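> Model the full assembly from the supplied sequences, consistent with the hints where possible.
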Amino acid sequence: MEINVDFTTVVFVLFISTVIVYVLVSRTQQKRRLEKNGLRTEGIIVDLDFDHWSRISVYYPVVRYQTLDKENVRRKYSVGNYPASYEIGEKVIVIYNKDDTDDFILKKIH
Numbered sequence: 066m067e068i069n070v071d072f073t074t075v076v077f078v079l080f081i082s083t084v085i086v087y088v089l090v091s092r093t094q095q096k097r098r099l100e101k102n103g104l105r106t107e108g109i110i111v112d113l114d115f116d117h118w119s120r121i122s123v124y125y126p127v128v129r130y131q132t133l134d135k136e137n138v139r140r141k142y143s144v145g146n147y148p149a150s151y152e153i154g155e156k157v158i159v160i161y162n163k164d165d166t167d168d169f170i171l172k173k174i175h
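Note that our numbering has the sequence shown beginning at 66, numbered continuously upward.
Derived from the structure by calculation, the hints contain no laboratory data.
You may find that some hints are simply not true.
[What the hints assert, rightly or not] The list that follows gives simulated cross-link-like pairs (lysine to any residue, SDA-like), each with its CA atoms no further than 20 angstroms apart:
1. Lys-135 with Val-111
2. Lys-173 with Tyr-125
3. Lys-163 with Glu-107
[Claimed, not checked] Label pairs and their computed distance ranges (CB to CB):
4. Ile-121 with Lys-163: 31 to 39 angstroms
5. Val-111 with Leu-89: 25 to 33 angstroms
6. Ile-153 with Thr-74: 35 to 43 angstroms
7. Lys-101 with Thr-74: 39 to 47 angstroms
8. Lys-141 with Val-75: 33 to 41 angstroms
9. Lys-141 with Thr-74: 28 to 36 angstroms
Because the structure is a prediction, the values reported are computed rather than measured.
Where a beta carbon is used, it is the ideal one built from N, C-alpha and C, also for glycine.
Next up, the structure:
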């Protein structure tokens, strides 16, 4: 049995694999950094942004929270899922960078 693989296909698969590994490593580093140095507060999911990728629908939670400096923040989380991991009205823990409120992670309250 002979397997004939196009060079372009190999390059494409390697590129996609590299991007996936990069994203996973970046997310892991962000999570560790924020869990160690970030500020924690309670937030609430106020909306679910919907994106359609090919045949896949992805839901991104939109969270509202107040910083320890009393700044009201509403942000779309950069991590989306299908099916949605959060529900509108759900309370969550927000761990954020005090110098950049766009830099945050969400944790479920158990």
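> Would you mind marking each hint as holding or not holding in the structure?
Now for the hints, and whether the structure bears them out:
no.	hint	verdict
1	Lys-135 with Val-111	holds, 18 angstroms
2	Lys-173 with Tyr-125	holds, 15 angstroms
3	Lys-163 with Glu-107	holds, 15 angstroms
4	Ile-121 with Lys-163: 31 to 39 angstroms	holds, 35 angstroms
5	Val-111 with Leu-89: 25 to 33 angstroms	holds, 28 angstroms
6	Ile-153 with Thr-74: 35 to 43 angstroms	holds, 42 angstroms
7	Lys-101 with Thr-74: 39 to 47 angstroms	holds, 41 angstroms
8	Lys-141 with Val-75: 33 to 41 angstroms	holds, 36 angstroms
9	Lys-141 with Thr-74: 28 to 36 angstroms	holds, 34 angstroms
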